[in-house]
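Visitor: Sequence:
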Amino acid sequence: MPEANSDQKIRVLVAKPGLDGHDRGAKVIARALRDAGMEVIYTGLRQTPEMVVNAALQEDVQVIGLSILSGAHNAIVPRVMDLLKQHKMDDVLVLLGGIIPDQDIEGLKTQGVAGIFQPGTAMDEIVQFIRKNVKPHGVPAG
0 MPEANSDQKI RVLVAKPGLD GHDRGAKVIA RALRDAGMEV IYTGLRQTPE MVVNAALQED
60 VQVIGLSILS GAHNAIVPRV MDLLKQHKMD DVLVLLGGII PDQDIEGLKT QGVAGIFQPG
120 TAMDEIVQFI RKNVKPHGVP AG
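Each residue of the sequence shown is one higher than the last, beginning at 0 in numbering that gives the first Met the number 0.
Please keep in mind that the hints were generated in silico from the structure rather than gathered at the bench. Take every hint as true, because none was put in to throw you off.
Pairs of lysine-lysine residues, derived as BS3-like cross-links and limited to a Cα-Cα distance of at most 27 Å, are as follows: (1) 26 to 108; (2) 8 to 108; (3) 8 to 87; (4) 84 to 108; (5) 131 to 26.
Let's have the full structure, built from the sequences with the hints guiding it.
Guide: As structure tokens, this is what we get:
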């Protein structure tokens, strides 16, 4: 599948929702995506789901990458997905990275998370996943 408008950069929001204060991984991902030619907006630490979705709306992003190490993914992800639905942003590709137990992965994907990347995932794998799965605005992500 071609990139969403190949002459336009893919816009990615990288966010650290919740109370987790460890953002080295999020910064590494942000740099790797930027190095791959994507436009990256990093929200910083301790974002609420509302802050994440509002930033995604204001920045007109095609991808939201959530970095969660705190174990709060089962509380944060449903709220983010609900807010995206409320704002009719079902064309935004949602990715999750961090410490996500294997038994939670299927449930998160059922809620609409397109990809889940655990520690040790190669940066190129994430870049390729985004390029393959990003959709132009108005086309529901799947």
